[in-house]
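**Student:** Chains as they are written, first to last, in our numbering: chain A, 1 to 209; chain B, 1001 to 1141.
Hints in this document: simulated from the structure, not taken from any laboratory.
Check before you lean on any hint, since a few could be wrong.
Derived coverage of chain B by chain A (criterion: at least 3 residues anywhere in the stretch with Cβ under 8 Å from a Cβ of chain A; other residues may be distant) [said to hold, decoys possible]: (1) 1023-1029; (2) 1037-1043; (3) 1050-1061.
All C-beta atoms, glycine included, are put in the ideal place defined by N, C-alpha and C.
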Amino acid sequence: MASRPANPRTPPRFALVAIVFAGVLVIAAGVLLALALRETPRGAAGTALASAIGGQFQLIDQNGKPFSDANLKGKWHLIFFGYTHCPDACPTALNEMSLALDRLGIKRDEVGVVFITVDPERDTPDVLKSYVQSFDAPIVALTGSPEAVAQAAKAYRVFYAKHPRADGDYDMDHSAVIYVMNPEGRFTATFTPDSSADAIVQRLQKLIS
Amino acid sequence: MAQTAQVEIKDAWARATPGKAENGAAYLTIQSPVADRLVGVFSPVAKKAGLHTMTMEGSVMKMRPLGGVDLPANQPVALKPGGMHIMLEGLNEPLQAGKSFPLTLNLEKAGQKQVEVTVEKAGAAGPGGQAGTDMPMPAKR
Chain A
1 MASRPANPRT PPRFALVAIV FAGVLVIAAG VLLALALRET PRGAAGTALA
51 SAIGGQFQLI DQNGKPFSDA NLKGKWHLIF FGYTHCPDAC PTALNEMSLA
101 LDRLGIKRDE VGVVFITVDP ERDTPDVLKS YVQSFDAPIV ALTGSPEAVA
151 QAAKAYRVFY AKHPRADGDY DMDHSAVIYV MNPEGRFTAT FTPDSSADAI
201 VQRLQKLIS
Chain B
1001 MAQTAQVEIK DAWARATPGK AENGAAYLTI QSPVADRLVG VFSPVAKKAG
1051 LHTMTMEGSV MKMRPLGGVD LPANQPVALK PGGMHIMLEG LNEPLQAGKS
1101 FPLTLNLEKA GQKQVEVTVE KAGAAGPGGQ AGTDMPMPAK R
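Next up, chain A with everything else stripped away, as it sits in the complex:
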């Protein structure tokens, strides 16, 4: 510190400036950290590694055509795992995603919705086709062999398990997270399945712009 001893007030002033400067640094660091945390994707299992979500899969769509992770490139995607026998949360989530897409206006073509079944036993391409046709947005619905579905779920860190019921029927327990993948096919954000269309639109508009 090159302070002039002639002026005894200078050192405190320097100290003051230093303190203010340090304070600004701390705040800036806090803001940066907050921003980083906000943008840090959290996976189904609470993982904070973007690279851990997403990966290779090889499924078929509702028209029986192959659909793999390569098909996710070039466009934003909302990805949701569920099953058509689910009466409550799955249709709600798909519906909100569909409405969100609608509200994106001219940007709606930049976002695709992908529904991946965790119940390939019952969700054949035909079943999926009639199911997703009821939603306004064009939804890609994917199924495949149990192994292929397991691979896709693993790539997305999605847990699912058959839960048998006393009547011989079964329900599926499954991770209910909506993943946002960017046009490079990288995991960017998540929504909870009860997110409103408005919340999804607001976030997507920020991400896409």
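Given the coordinates of chain A, assemble chain B onto it according to the supplied hints.
**Tutor:** Below, chain B alone, put in the same frame as chain A:
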């Protein structure tokens, strides 16, 4: 709320089901003047109807059948999206918005009660067109 001598069932509604979806869900609010228990449901629109609940454990969604739903005296109990619901399994035909269907509730003390369930559009968040949104209905059929 004035005391009612009878079991009161309000806002019975269901969501239109997508495509040939085999299952649907119905919701309602029920209030009993005395402590009672809802132990079963029946509807001619589905092969099977039952009380179910959806819970989230972390990010994992689970559907479970319920043996019954306790109805404390004079307290409205709501079956609503994201929680308890009446699961309609093996629908004879899709639930279409604008239509309605009968539902019978079995109560331990009050016996059977019938209610008419209104089918709202698939995007509805509640009865009477309480849509979560103002967009047109997504169901095309």
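**Student:** For the stretch 1037-1043 of chain B, do at least 3 residues have a Cβ located nearer than 8 Å to some Cβ of chain A?
**Tutor:** violated (count 0)
**Student:** Is the coverage entry for the stretch 1050-1061 of chain B by chain A consistent with the three-residue Cβ rule at 8 Å?
**Tutor:** holds (count 7)
**Student:** At least three residues with a C-beta closer than 8 Å to a C-beta of chain A: is that true for the stretch 1023-1029 of chain B?
**Tutor:** Satisfied; 3 residues make the cut.
Going down the numbered hints, you'll see the structure goes against just number 2.
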